[in-house]
Amino acid sequence: MKTLGSIGAAGVVGGSSFLSSCSKVQTTSGDKIRLLTSSGELVEVDKEQLKPADMPSLTENQKRGRKGLPGRSWVMVIDLSKCRNARECMKGCQNHHQLRPEQHHINVLQMQDAEHTAPYYMPKPCQHCDNPPCTKVCPVNATFKREDGIVLIDNERCIGCRFCIAACPYSARVFNWFEPRDAEKYEGVTYNIEANVPQKKGTISKCLFSADRLRDGKLPTCVSSCPNGVYWFGDRNENAVTNGTTKETTSFSKLIKENAAYTLMEELGTKPRVYYLPPKDRAFPFQGEIEDHHS
Amino acid sequence: MIKKINLIFVAILFIAQQGMGQEWLVPEDQKTLKNPTEYNLSNVKKGKDLYLTNCKSCHGDAGKNNGLPLVPPPPDVTSDIMQANTEGELFYKITNGRGGMPQFGSTISEDDRWRLVNYIRNYNPANEPVLVEAPPQKAKLLASVNETEKKVEVFAEVEGNDGKFLVLANASVSISAKKAFGNLPIGEVLTNAEGRAEYAIPKDLIGDEQGLVNVVVSLGEGFVTDPVILDAAKVGQPKQVPKLIKKEVLWSTNENVQTWLLLSYLGAVGGAWLAIAYVVFQIFKIWRVGKQQE
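Sequence order for the protein chains is A and B.
The opening residue of the first sequence carries number 0 in numbering that gives the first Met the number 0; numbering runs sequentially from there.
The opening residue of the second sequence carries number 0 in numbering that gives the first Met the number 0; numbering runs sequentially from there.
Here chain A stands alone, though its shape is the one from the complex:
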């Protein structure tokens, strides 16, 4: 039995060294290879200089995904007066996070606050609360708050108990009841905790402020795909937010002060990170149908 074990160990060691040798490209100087860069240019590179791309492993990914980007404190400001229900944010989000048509990380809702008030459109992502009720009920520490303000979920840890769905007052979380969208396409892809991709059947998913894009210095998908300038996104610590459509940068504190911004269900003490500017002086008329629930 013991000898069998040592043979097995030797096999593993040999196998791994064989594998690592595979990842190195054979070096024969002078050989050129044609490659397409991410910007769409065809370039010729010496084969000697080729190295396998730096892909973080699952454990590394999970580790850095728990820490967040140092010194940052992400906030979103949603200007309700600009939204005309183009739903481009939802489309972009569902493509990015591999969501089925009925699943939403961000959803544009039709709202009417009281009987005689004007209805308006309200995009609703996860509020990334600073006092999140959802993370506290997770029995396996699968959902957590990062130091940069983002509330994330690790689908590799999630057991699908759905306590967090019950705890969230904003209904921001979705459950993968079925095989996720494009499941075959993403088969074998290393799980990215900062994008929740590939999605896993029987686990929770939620808006993550496109944490993978933030790491690359890009705005979240919903923010940059909006055609109407609804979203502002930025770092609260440096007091600046950038509009995803116009790319204009402005002072965060000034923006929310001058426009009387508010947060959703403030009375719950969840301290949301998503601020709303009231739907005043609307750029587009409301075209939806709202049922009268107030009479």
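The set of hints was computed from the structure by calculation and includes no laboratory data.
Careful: at least some of the hints might be erroneous.
As the list claims (entries may be wrong) - Covered stretches of chain A, as calculated for chain B (at least 3 residues, CB under 8 Å):
1. 97-107
2. 178-186
3. 231-243
4. 272-282
Where a beta carbon is used, it is the ideal one built from N, C-alpha and C, also for glycine.
Starting from the structure of chain A, add chain B where the hints point.
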């Protein structure tokens, strides 16, 4: 039979309405409205500023036909489609919007909407253009940061007709700070007769954790130059990074648990076991006493 005819009639009406939907009809009384603002340089210039902030994102730059590919396509300012409108029609369309075009009635004042009409009219072949855009000039921009006095010092030159660089006076230089996703404008200065300008950086500007700011200096439009980026200038306030996660707040797991909670939980469990043990011990005691008495 009558039902069928009715249906066809309704269908025709519907199609006709759809067809009319393509054309943007403006009420007759609105068409002939007169522009109350004068067609002059200041009004057209103001109109241009308004155009750049409100319209450019869809309609693109004037004359470049680089509007967004939307349906229906937003026409270029210089296009015949745009210029075929009367001033009243332009005003009505800007005010009320349709489909993808916002209604600016609520966000831009009436006078300013007329100024926008003036700006559009600047490109009408029937009008004498008042705002003539000169081809952009080649310029040189030098800038440095005075860290002790917290000032940005700028020197600008422009290429003259003979290819020599001359001092650029009275040009607007914009100064901004690099942030996570864009440049935050912090101020503008005009160069003096020597082509120099100084800008005092506001005291409340936030930098990174050490107070370092990446200052971007650029010339206004009409000049071709690379913006000068002054990396890591120590002119800002250090960025405050408040600790967000307090251990006590998020305690769902062992590593984040609060001491009082852990102690009371362990105490309760221990107490329960002690109680059970006590009962068992008593039972054992009774059993022993019973045995002794036998």
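Checked hints:
Only residues whose C-beta sits within less than 8 Å of a C-beta in chain B count toward coverage, and the segment 97-107 of chain A has 0 of them, not enough to reach three; the restraint is violated. Coverage of the segment 178-186 of chain A by chain B is violated. Counting CB-CB distances below 8 Å, 0 residues qualify, and the rule asks for three or more. Requiring three or more residues with a Cβ within less than 8 Å of a Cβ of chain B, the coverage given for the segment 231-243 of chain A holds, as 8 such residues are present. As drawn, the segment 272-282 of chain A meets chain B at 3 residues by the rule of a beta-carbon pair under 8 Å; at three or more, the given contact holds.
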